[in-house]
Amino acid sequence: MSATTTRLGAASRHVAPEAGRARRRRFANLAATVLCAVATAILLAALVSILVTLVSRGLGGLHLSTFTRMTSPPGSGGGLLNPIVGSIIQTVLAVLVGAPVGLLAGVFLAEFGTGSWVADVVRFVSDMLLSAPSILVGLFVYLILVGPVGHFSGFAGAMSLAILVIPIVVRTTEDMLRLVPTSMREAAAALGAPRWKVVMLICVRAARKGIATGILLAVARVSGETAPLLFTSLGNLSWSVNLNAPMSSLPVTIYQYAGSAYDDWVQLAWTAALLITAGVLIINIIARLGLGGRDST
Amino acid sequence: MDATPAGGRAGTRKVDTGLGGKLGDQLFAGIAWAAGIVVLLLIVGIILVMLVGGSHALQVFGVGFLTHAVWNPVVDHYGAAAPVFGTLVTSFIGLLVAVPLAFGVAFFLTEMAPGWLSQPVGTAVELLAAVPSIIFGMWGFFVIVPVMAQDVQPALIDTIGHAPIIGRLFSGAPFGTGLLTGGLILAVMITPFIAAVMRDVFNSMPAVLKESAYGLGSTRWEVMRKVVMPWSRVAVSGGIMLGLGRALGETMAITFVIGNSNRIGASLFAPGNTIASLIALEFPESPAGSLKLSALLALGLILMVISFITLACSRLLLRQRGN
Numbered sequence: 001m002s003a004t005t006t007r008l009g010a011a012s013r014h015v016a017p018e019a020g021r022a023r024r025r026r027f028a029n030l031a032a033t034v035l036c037a038v039a040t041a042i043l044l045a046a047l048v049s050i051l052v053t054l055v056s057r058g059l060g061g062l063h064l065s066t067f068t069r070m071t072s073p074p075g076s077g078g079g080l081l082n083p084i085v086g087s088i089i090q091t092v093l094a095v096l097v098g099a100p101v102g103l104l105a106g107v108f109l110a111e112f113g114t115g116s117w118v119a120d121v122v123r124f125v126s127d128m129l130l131s132a133p134s135i136l137v138g139l140f141v142y143l144i145l146v147g148p149v150g151h152f153s154g155f156a157g158a159m160s161l162a163i164l165v166i167p168i169v170v171r172t173t174e175d176m177l178r179l180v181p182t183s184m185r186e187a188a189a190a191l192g193a194p195r196w197k198v199v200m201l202i203c204v205r206a207a208r209k210g211i212a213t214g215i216l217l218a219v220a221r222v223s224g225e226t227a228p229l230l231f232t233s234l235g236n237l238s239w240s241v242n243l244n245a246p247m248s249s250l251p252v253t254i255y256q257y258a259g260s261a262y263d264d265w266v267q268l269a270w271t272a273a274l275l276i277t278a279g280v281l282i283i284n285i286i287a288r289l290g291l292g293g294r295d296s297t
Numbered sequence: 001m002d003a004t005p006a007g008g009r010a011g012t013r014k015v016d017t018g019l020g021g022k023l024g025d026q027l028f029a030g031i032a033w034a035a036g037i038v039v040l041l042l043i044v045g046i047i048l049v050m051l052v053g054g055s056h057a058l059q060v061f062g063v064g065f066l067t068h069a070v071w072n073p074v075v076d077h078y079g080a081a082a083p084v085f086g087t088l089v090t091s092f093i094g095l096l097v098a099v100p101l102a103f104g105v106a107f108f109l110t111e112m113a114p115g116w117l118s119q120p121v122g123t124a125v126e127l128l129a130a131v132p133s134i135i136f137g138m139w140g141f142f143v144i145v146p147v148m149a150q151d152v153q154p155a156l157i158d159t160i161g162h163a164p165i166i167g168r169l170f171s172g173a174p175f176g177t178g179l180l181t182g183g184l185i186l187a188v189m190i191t192p193f194i195a196a197v198m199r200d201v202f203n204s205m206p207a208v209l210k211e212s213a214y215g216l217g218s219t220r221w222e223v224m225r226k227v228v229m230p231w232s233r234v235a236v237s238g239g240i241m242l243g244l245g246r247a248l249g250e251t252m253a254i255t256f257v258i259g260n261s262n263r264i265g266a267s268l269f270a271p272g273n274t275i276a277s278l279i280a281l282e283f284p285e286s287p288a289g290s291l292k293l294s295a296l297l298a299l300g301l302i303l304m305v306i307s308f309i310t311l312a313c314s315r316l317l318l319r320q321r322g323n
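Here the protein sequences come in this chain order: A and B. Letter by letter, the first sequence follows residues 1 to 297 of UniProt numbering. Letter by letter, the second sequence follows residues 1 to 323 of UniProt numbering.
It should be emphasised that the hints constitute simulated quantities derived from the structure, not laboratory data. Just so you know, these numbers come straight off a predicted model, no measurement behind them. Positions of the beta carbon are idealized from the N, C-alpha and C atoms, including for glycine. A few of these clues could be false.
Computed footprint of chain A on chain B, listed as stretches where at least three residues anywhere in the stretch have a Cβ under 8 angstroms from a Cβ of chain A [stated by the list, open to error]:
#, segment
1, 36-49
2, 172-184
Reference listing, derived: stretches of chain B covered by chain A, where coverage requires no fewer than 3 residues with Cβ under 8 angstroms from a Cβ of chain A [stated by the list, open to error]:
#, segment
3, 90-96
4, 136-146
5, 265-272
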């Protein structure tokens, strides 16, 4: 920076056009700096506005009864018990199914598939699945798990979420396994450990923190997903933990209630929105803390 | 890696099993391969299922499905032109706003902000990316739409609205909902994704390139524009494509603010729809086996083709960076 100032200083002392150009350059620099700060401020303002709106509109409807009562017709003081339980069941089931598949696929990419074209294709496809429109996943699961059976089900909802879990876990698992030093694999192999033990007990274990972070992020991602559930678990206004029947969930309840004409339903939608956002953001923050400053290195 | 000691301990403890190791290895390799193949099959399955499900509508309407702007359940006539138009327009508006914003955020975080500021601000931007899309929809509907209807759109109509050609884009009744609002919400949603890629790319640039430019007397902006931008052009385009891929398939947020009307028009204030919002809205009224459901699946196929091409481009551009 000191070089810049000396040069500019020297230039301005010399000839007039040089001084003009220096001023222009400094002005352009200042303008760019201000614009960048403004862009950042706009984005932060959006986040703050979302959080403030959620808290100011959602907190007022947050009572103990929100967690103990079920959704009910407008005006009868319903709560969010069945959507909360439904969301938890579907998310847990989705992670139980999706995480092992994603983990093993990540192991395949990092440990077994290196160099083979199959691994390249799987990696490519997984990355696309990561950003693919979730509504299409919902349509897919509808056609294979809802259409043939003839009715919507919590199981189908969980499966659509599981499909969204897989690519997130694949990505983090592969990345984390690649950070495990080869010398550890070699040391274990030299001691006579079979390959599967080297991978599962040494590599996956060494990378378990990062892998757990990936699974947490997957939980955060799918617990707010709405579009795929519309076509699979549909939502259920009464109590049901039957995986073979339509199941309620927080995001779908928000969707149904937010557009309704009843004030108490809209209020419940805001409260549900506050709960889901708080949950998702807290899981994200925990995951980031758990990752332990990987970004800073 | 604080897990190293744990891994080492496991290694010494578990070496005594030579027996069954070979079989275990083969079994495990088989399971890992199978998991990889499952991921492949998912994509193939999604494509096949959409293709089969949408084939009925595609056979009935042929190429006209893409060019007709009709969506009329009463006479069972469906066309994809309006939702495709809405999808492209909202995504384009989204990118138009998001790209400069993301550039600004990424520059700010990597070059301008001091460490104590860039860390928390970076985390906040990442958290914005984690907010579920239905929350953006509610926020857009209850907070942004009134602002658009009362302040932004009347102001735009009074100023640019009178301009000769582009004025038509900013004419019509200020409902608040519509293509423009949808595009702006998309912009807020995809900016964190694009900014995250840009930030990684800028950070991965060899410091010596920037330092030599500074050493020659460049200002920060000149280093950005003439050194960082050319160097990171390919990867940044990949990040922008990634954001576009997200915008194309966004469903819940758009459904809340787009106005949901099947039409093509010049005005950006007019209500419209997108492929994803039309599917979300019409699906509940589409019985299994109906032509309408088939038309929705054909729309899903179109969305998948568009977004997969976009995402594939994004991957290729980002990969060229050579890791």
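Evaluated hints:
| no. | hint | verdict |
| --- | --- | --- |
| 1 | 36-49 | holds (count 10) |
| 2 | 172-184 | violated (count 0) |
| 3 | 90-96 | violated (count 0) |
| 4 | 136-146 | holds (count 7) |
| 5 | 265-272 | violated (count 0) |
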